[in-house]
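Residue numbers (my numbering), protein chains in the order written: chain E, 231 to 522; chain Y, 26 to 349.
One or more of the hints may lead you astray.
[To be verified] Computed from the model, here is a short list of chain Y residues facing chain E with C-beta under 7 Å:
(1) Leu294
(2) Thr322
(3) Pro331
(4) His333
(5) Ser334
[Said to hold, decoys possible] Keeping only pairs whose Cα atoms sit at most 20 Å apart, straight-line, the calculated EDC-like set for lysine to aspartate or glutamate is:
(6) Y:Lys309 / Y:Asp101
(7) E:Lys390 / Y:Glu330
(8) Y:Lys264 / Y:Asp204
(9) Y:Lys309 / Y:Asp329
(10) E:Lys390 / Y:Asp233
(11) E:Lys390 / Y:Asp149
(12) Y:Lys349 / Y:Asp101
(13) E:Lys390 / Y:Glu290
(14) Y:Lys242 / Y:Glu253
(15) Y:Lys291 / Y:Glu246
(16) Y:Lys264 / Y:Glu244
(17) Y:Lys154 / Y:Glu67
Hint data in this document are derived by calculation from the structure and do not stem from the laboratory.
In this text the structure is predicted, and so the values were computed from the model without any measurement.
For glycine and all other residues, C-beta sits at the position ideal for the given N, C-alpha and C.
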Amino acid sequence: MNAGIAGDTVRHGRHDPDLPPFGLKHYLICLKGIMVREGLRFLHQRERFVAALVRPLIWLFIFAAGFRQVLGVSIIPPYTTYVLYEVYITPGLCGMIMLFSGMQSSLSMVYDREMGSMRTLLVSPFPRWYLLVSKLLAGVAVSIAQVYVFLAICWFWGVKAPTTGYVMVLPALLLSGLMLGALGMLLSSLIRQLENFAGIMNFVIFPMYFASSALYPLWRIQEASPLLYTICRSNPFSYAVELIRFALYGQVEWLSLGVVAVCTAIFLAAAIRAYDPSRGLMARKQNMGGNA
Amino acid sequence: MPSRIMIVGLGLAVGMSAGSALAYEVYVSNERDNTMSVVDSETMEVLRTVEVGQRPRGITVSRDGRFIYLCASDDDTVEIIDTETYEIVGTLPSGPDPELFVLSPDGETLYVANEDDNLVTVIDIAGKKVLGEIPVGVEPEGMGISPDGTTLVNTSETTNMAHFIDTASHENTHNVLVDARPRFAEFMPDGEEVWVSAEIGGTVAVIDNATREIKHKIEFEIPGMRSESIQPVGVRINKDGTKAYVALGPANRVAVIDTETYEVEKYVLVGQRVWQLAFTPDEKYIISTNGVSNDITFIDVASDEPVHSVTVGAEPWGVVVSPK
Numbered sequence: 231m232n233a234g235i236a237g238d239t240v241r242h243g244r245h246d247p248d249l250p251p252f253g254l255k256h257y258l259i260c261l262k263g264i265m266v267r268e269g270l271r272f273l274h275q276r277e278r279f280v281a282a283l284v285r286p287l288i289w290l291f292i293f294a295a296g297f298r299q300v301l302g303v304s305i306i307p308p309y310t311t312y313v314l315y316e317v318y319i320t321p322g323l324c325g326m327i328m329l330f331s332g333m334q335s336s337l338s339m340v341y342d343r344e345m346g347s348m349r350t351l352l353v354s355p356f357p358r359w360y361l362l363v364s365k366l367l368a369g370v371a372v373s374i375a376q377v378y379v380f381l382a383i384c385w386f387w388g389v390k391a392p393t394t395g396y397v398m399v400l401p402a403l404l405l406s407g408l409m410l411g412a413l414g415m416l417l418s419s420l421i422r423q424l425e426n427f428a429g430i431m432n433f434v435i436f437p438m439y440f441a442s443s444a445l446y447p448l449w450r451i452q453e454a455s456p457l458l459y460t461i462c463r464s465n466p467f468s469y470a471v472e473l474i475r476f477a478l479y480g481q482v483e484w485l486s487l488g489v490v491a492v493c494t495a496i497f498l499a500a501a502i503r504a505y506d507p508s509r510g511l512m513a514r515k516q517n518m519g520g521n522a
Numbered sequence: 026m027p028s029r030i031m032i033v034g035l036g037l038a039v040g041m042s043a044g045s046a047l048a049y050e051v052y053v054s055n056e057r058d059n060t061m062s063v064v065d066s067e068t069m070e071v072l073r074t075v076e077v078g079q080r081p082r083g084i085t086v087s088r089d090g091r092f093i094y095l096c097a098s099d100d101d102t103v104e105i106i107d108t109e110t111y112e113i114v115g116t117l118p119s120g121p122d123p124e125l126f127v128l129s130p131d132g133e134t135l136y137v138a139n140e141d142d143n144l145v146t147v148i149d150i151a152g153k154k155v156l157g158e159i160p161v162g163v164e165p166e167g168m169g170i171s172p173d174g175t176t177l178v179n180t181s182e183t184t185n186m187a188h189f190i191d192t193a194s195h196e197n198t199h200n201v202l203v204d205a206r207p208r209f210a211e212f213m214p215d216g217e218e219v220w221v222s223a224e225i226g227g228t229v230a231v232i233d234n235a236t237r238e239i240k241h242k243i244e245f246e247i248p249g250m251r252s253e254s255i256q257p258v259g260v261r262i263n264k265d266g267t268k269a270y271v272a273l274g275p276a277n278r279v280a281v282i283d284t285e286t287y288e289v290e291k292y293v294l295v296g297q298r299v300w301q302l303a304f305t306p307d308e309k310y311i312i313s314t315n316g317v318s319n320d321i322t323f324i325d326v327a328s329d330e331p332v333h334s335v336t337v338g339a340e341p342w343g344v345v346v347s348p349k
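All chains, full assembly: derive it from the sequences and hints.
Given below as C-alpha cells:
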C-alpha cells in the first residue's frame, strides 16, 4: 500500500461537511460506475469468462462421469428420489464458481492496489464501507452471471432443476457470493503483493472447497472420518453450498441461511475494518513500514 | 356480481374435485416382511401397511377396484383383500407357489403361473374354483393377456420360452424361444405385439402376435454399467401404445422405449434392483418397486423424470394401482 493512498484517503474518504449531503441518486451513480467497470473488465477478459466456466464444466463432464456410481444409494434432502452424481455436484459447482470468483475479485483488489487504480476508487467522497460493498456487489453480479451460464449448460446436459428453483437460487447466490467476496476482500487486505495470491489458492480455496459438502454428501464423509466431518460442518462454504442446493430445488434451508448471513456480516465488518486506514490492518502495515 | 362469485365458486369446486379425483391408491406387495403397503399416489405417503400371507409377490386389483388379488407364494394360495376394510376376505385356489398372474380383460378369470409345478391355473373368481390347468415350461412366471382376452402368453424362466395359449380351449398353441430367463409378458394395446423380457439374456423380445415370431430384439446399454447387471424384468406399455417402460433390475434404471423405433429414449434412475412397474390410471405416473432399497419410485410420465421415492416394506416386489 502506498503511503500516498493512505494519506489521500484519510482526507478524501470522509464527506466534506460544507457540501450538501449525498442523495440516493448519488449513491446509485457511484454503484453504477463500479458495476460498469467490473462488468467491462470481465467482458474484456474473455479468457477469464471461459476459464471460469471451463473449471466447473471439467468437473461436471469428467469428474462426475467417473464418480457416477458413488451416489444413488441414499436419498438426502432436498432430493426426494435417487439422483446421479452430476445432479448432486451441480450446486457445489455453482458454489465453486462463486468461491473462485470471490477470490478472483479479491485478487483484482491486490492488483488494483499495486497498479494504483485503487487510488481512483478510494479518493471518492463516498464512505469507505459503501465503496467496498459496491465493489463487492459488482463482483458478485459478475459471478452470478457465470453461474447462470453454467446452469444453462447443465440444463442441456440433463441436469434440470424445477423452474422456480432458478429464480429462488438468485438470492442464495447473492448472499453466498457476498460472504465469499467479503472473505476474499478480508484476505486481500492481508496480502501485500500479487505473488502471494498463490498461497491463498493453497491455504484457502482448496481446503474450503474440498472440505465441504460440494463434492460429497456429509454423511459419506462422516462414515470415512468423524474429524473430517466436524471440519466440513464448521466450513462456512458447506453452508453456502447447501443454501444454493436447497434454493435450486425451491426450498429454504434455514440453518444454512443463518450461518451464511452471520458469516457475511462478520467477514464484511472485518473487511471494512481492515480497509479503514485509521484503524485497520492497512494502518498497521504502514506503521510496520511496509512498502506495499 | 353474484354470477361472478358463482363462477369463482364453481371453478374452485371443479378444481378441488379434480384434485381429489387424481389420487389413487397404490398397492405394493413386500416379499420379505409379508405385508402390503398402501400408498397415496398424490401425497406419495404410505397410508397403511396390511399383514398378508407369506411371501407376497404378484398383485393385481379387480376391474372395479373393490378387491385386491395377491399371490401368497409360500402359502400356495391367492388371497382376496377388501380395499375398504383391508382385510383378507377369502382365497382363490391356485397351484403350489403362485408367483404372478393376469386378470382377463372382463375381470372374471384369473390366470396364475405356479412356479413349482409348471402349470398355469385358470381360476373363476366369482365361483372361486379352478376352471383348468395348462401345462407349460419349467418355472412359469410372466403372464400377459391380449386386449381381446383370446390369447394368453406365459413365460417359463427355465425353458426360456413364451407359451401362447388359446383361452377358449386352454391349449398351448405356439412356443417361442426367447433369451435366458424370461420374466414378464406384456401385450401392446392393439394386441399386435407381445413384449417379453429376458432377465439373464438382458433383452426384450418383441413377438408378432399374428406370426408368433420374434420381429425385434431390444438391447440395453448404460454407460459405466456392466452388461450383466442389466436385467430386464417388468414391462409396461402406455394406453396409446407409444411408449414402453422396462425395469432393468440391478441396473437401478427404468428404460423408456419408443415403440415405433424400438429405441431406448432414456434411462430413468430409480432405487436398487427394480422389478415391477405400474401406471396410475391417468398415466400421470409410472411406479417402480425397488427390492433392495425397500422403496418405490414415482416417475413422471410426461417428462420421464423420477419425482419421488417412498420407503415401503422389506423387498417390495409387485405393484398395482387402484382404478379409482
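* Checked against the structure, which of the hints given earlier come out wrong? -> 6, 8, 10, 11, 12, 16, 17
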